[in-house]
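Let chain A serve as the given structure and place chains B and C on it in line with the hints.
Chains as they are written, first to last, in my numbering: chain A, 1 to 206; chain B, 1 to 322; chain C, 1 to 304.
Keep in mind that the hints are not guaranteed to be accurate.
Calculated cross-link-like contacts (lysine to aspartate or glutamate; reagent style EDC-like; alpha-carbon spacing at most 20 angstroms) [stated by the list, open to error]: (1) C:K34 / B:D199; (2) B:K194 / C:E119; (3) C:K289 / B:D73; (4) B:K69 / C:D141; (5) C:K33 / B:D254; (6) C:K165 / B:D254; (7) C:K214 / B:E95; (8) C:K283 / B:E96; (9) C:K103 / B:D73; (10) C:K165 / C:E184.
If you are wondering where the hints come from, they were derived from the structure by calculation, not from laboratory data. Here the structure is a predicted model, which is why all the values come from computation and not from measurement.
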Amino acid sequence: MATTKTPSRLVLNGLLNENPIFRLALSMCPAVGISTTVMNGLMLGTAVLFVQVCSSCTIAAIKNYIHPRIRIPTYTLTIATWVTVIDLVLSAYAPEAYKAMGIFIKLIVAFAIITMRLEVFACKNTVAMSFWDGLGMGLGFMFGMVTLGFIRELLGMGTLLGHNVLGFRPLLFFALPLAGFFCVGFMMAIFNYVELVFNRRKKRRG
Amino acid sequence: MARLRRITYLTLGFLLLAYLLVFSGCAGSQNRFIKKTSFRGTHSILITFAGPVDEEWATKASNYRVYEKPDPDIVLKISTIELSTNRQTVILHFEEPLNQNQPHMVTMRGIMTEGKSVGTAIVKVRKLYLGYLFSILIGAMLVQNFVFTKYLGLCVFFGTSQKRSTAVGMGVTFTIVIVASAMMSWFLYQFFLKPFHLDFLQIIVFIGLVSLSVQAVDTILRKVNPMLFKAFGVYLVLVIANCIILAVPLILADNEYNAAESLMLALGAGLGFLIALFLMSSVRERLELANVPPTYRGLPIAFVVAGLFALAFLGFSGMSIF
Amino acid sequence: MREILRITIGLTVSCLIAALVMGAVFTITDKAKKHNEYMNVQQTMLGLLGYSKSHPAPSELKFETIYRYIVAEGQTRYLGYLVPVKKNGKENYAFLLLDLEGKLKKLYSVDMRPEAAIEASEREKALHEILKPPRKFNYADSFIIAVLGRQRVAYLIPGEFPGFKTFVRVMLALDPSFTIKGLEIMEQEEDPGLGGEIVQEYFKNQFVDKPFKKIASLKVIKKPLPSEYRKYLERKKWKKGMFTREQIEEIRKKYRSADIYALTGATISSRAVTNGVKNMVKKFAYREKMLERVIAEENIQAAF
Chain A
1 MATTKTPSRL VLNGLLNENP IFRLALSMCP AVGISTTVMN GLMLGTAVLF
51 VQVCSSCTIA AIKNYIHPRI RIPTYTLTIA TWVTVIDLVL SAYAPEAYKA
101 MGIFIKLIVA FAIITMRLEV FACKNTVAMS FWDGLGMGLG FMFGMVTLGF
151 IRELLGMGTL LGHNVLGFRP LLFFALPLAG FFCVGFMMAI FNYVELVFNR
201 RKKRRG
Chain B
1 MARLRRITYL TLGFLLLAYL LVFSGCAGSQ NRFIKKTSFR GTHSILITFA
51 GPVDEEWATK ASNYRVYEKP DPDIVLKIST IELSTNRQTV ILHFEEPLNQ
101 NQPHMVTMRG IMTEGKSVGT AIVKVRKLYL GYLFSILIGA MLVQNFVFTK
151 YLGLCVFFGT SQKRSTAVGM GVTFTIVIVA SAMMSWFLYQ FFLKPFHLDF
201 LQIIVFIGLV SLSVQAVDTI LRKVNPMLFK AFGVYLVLVI ANCIILAVPL
251 ILADNEYNAA ESLMLALGAG LGFLIALFLM SSVRERLELA NVPPTYRGLP
301 IAFVVAGLFA LAFLGFSGMS IF
Chain C
1 MREILRITIG LTVSCLIAAL VMGAVFTITD KAKKHNEYMN VQQTMLGLLG
51 YSKSHPAPSE LKFETIYRYI VAEGQTRYLG YLVPVKKNGK ENYAFLLLDL
101 EGKLKKLYSV DMRPEAAIEA SEREKALHEI LKPPRKFNYA DSFIIAVLGR
151 QRVAYLIPGE FPGFKTFVRV MLALDPSFTI KGLEIMEQEE DPGLGGEIVQ
201 EYFKNQFVDK PFKKIASLKV IKKPLPSEYR KYLERKKWKK GMFTREQIEE
251 IRKKYRSADI YALTGATISS RAVTNGVKNM VKKFAYREKM LERVIAEENI
301 QAAF
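Chain A extracted, bound-state conformation (with noise of 0.2 angstroms):
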């Protein structure tokens, strides 16, 4: 956890220490799932984004308010109100990045990292705090679900954000939703090496 809470560094936080899929290994399932292109990593995103900030900032913003026995009820009212909202948006003026996203944009609701965000930070810190907070956290998944798109939807269909870059398809494998849990698990495991260099090289200095 951050000590020194600046903007800058909370925004960093969830980008790569605590970023969301790597690390925390929470919200899994869209990772898995709908990461084969990078649009679709961009589009739920940017919905997870809104719905992480909107929250965050509606509980910071009314924590005095809540009871403490009906806290959980009451962030998971918070949440299903701005899933229900992007739901009804995403659906009115973007039909087509609505339709790819399926079921997934309904599910955010009940996603962990979110109530976990509220839990552990909203409901202790300011407005403005649990905004850069629940930006940085919206994101770190942001970024995982584009880099995963990347990887996907460059090795897949040879293509980037629909652009032809490659002219050709290496591995159609990867296109394959069934394929996001290979891709997680290796850059999980990317992320766990990195880790694992970055010790040893501490250890040495030290």
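Using the frame of chain A, we list chains B and C on its own:
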């Protein structure tokens, strides 16, 4: 004594099942003379009469008029008609394969038996309803397994699949809760949300119901069977964090299933999760002993294993039973 | 006791606020959603007829929708067609009740504006007035006739059939002689990368130009797609000077009566789409001819 009783129950249950099967098969007959109708193979319809019919009548194609229920004006062309030797069953062969997902209507004009006419009959031919329900169950369990082909509920899946005992506990608890909450959600959606055009409240209502049913199971279990509660109570909290439990009511609402179909889908989803957990935990128990590179230890290798399982489950894709 | 009261009030208030927020967003977005859906369908229809932003549709182009109903009276079934007609120079509707052999049973005139006819509930209300119980009716499907001036350009048929996994929803365009003008996949849930490829131009454009006679015997063959044909099919990737006019005409003729080349790794999906299209065309042609005959016989002033 106890053994005898068990056998009696089993027989009774079996009889009931057989009875249901027979009944659902001929539920469509509106004429007493028609005993049974069913699809046979991809191109044929089988009709069983209560008595022998006249050969001259039975083999004349113009006496039959067959169409798919939503398209009454488009008559399906009969290529040949086959009459059994005891003259009680007729098999109609069609030129083109039948779309068996649609009920078919067969009109038989002036059925002749022993030189007498017993009137015109209109019968419905369709797949066994029980078979359809069963295919929903198997579909949700294997073909469309929520973990391996829909990629839902992964957080809880990876969290609780380290040990076999944990996996089974979680799976059983989850199945109970999902059946309870899905049925409640179905009821509420069909009778409150839909008639009053409150569809946009879906998410909030379903998540509320899930919390409610978890709380209810918690309370009941604590009072009724404290032993069981000790074993399964810890998993109850985790159930809420599983997105399958929310996905099932949403799918039910989208597909307009009825009560029996909803029950089958919920049960299939629960059992499918149990199967996935059991398979995964069996592998992970062995992985403990394997020599895995340090960077892959723990979750990364679990993901790769899950990927292999998903690859295997892809083999079920498109499979249809019944 | 006071604690419980406070909790209840707190929960009620938060629920109310949440419901208010959601209700407000719903009312704002609902209209936009319906409008966008409508525009999307319009865009697809124009696209199928070969119009685009760089080649806009002429303003005389009009879409006339015909709705088909199944009317039940006891055991007998009738077909009902809700057809747009011209009455004293104004657009109105007629309801044609046909028996299963295609003979006109009764002709009703329905007083309804074209804008109202888009809404399913409005149509039902109008039909309830003419089809009194015990007669029951069910909406079956609809098709669209594109009219340019006085001339019929195309038929547009929305349809749905089972794919490999779930349903495939399509829109099919036929010219007046029932040759396929275009196929658009509206919705599908096939495996991405395999059956999902049915949305690609090199698959769906294979159906274009298939004449009515060929459609009845259309098959799926498991052969690799010839590269010149593939280049020809991927119309969005055409560059200037890639094909001369003669070349296009030659390829078109060569493959006009060819069967459908299956997608690699998705033969069942390819076959499902082919059979679905085949059935749609067959049923539609049969009904269209019947309706056309009745309209001519009864001298109905149809709007198309």
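How the hints compare with the structure:
no.	hint	result
1	C:K34 / B:D199	holds (15 angstroms)
2	B:K194 / C:E119	holds (18 angstroms)
3	C:K289 / B:D73	holds (13 angstroms)
4	B:K69 / C:D141	holds (14 angstroms)
5	C:K33 / B:D254	holds (18 angstroms)
6	C:K165 / B:D254	holds (16 angstroms)
7	C:K214 / B:E95	holds (18 angstroms)
8	C:K283 / B:E96	holds (14 angstroms)
9	C:K103 / B:D73	holds (11 angstroms)
10	C:K165 / C:E184	holds (19 angstroms)
Violated hints are absent here; each numbered hint is respected by the structure.
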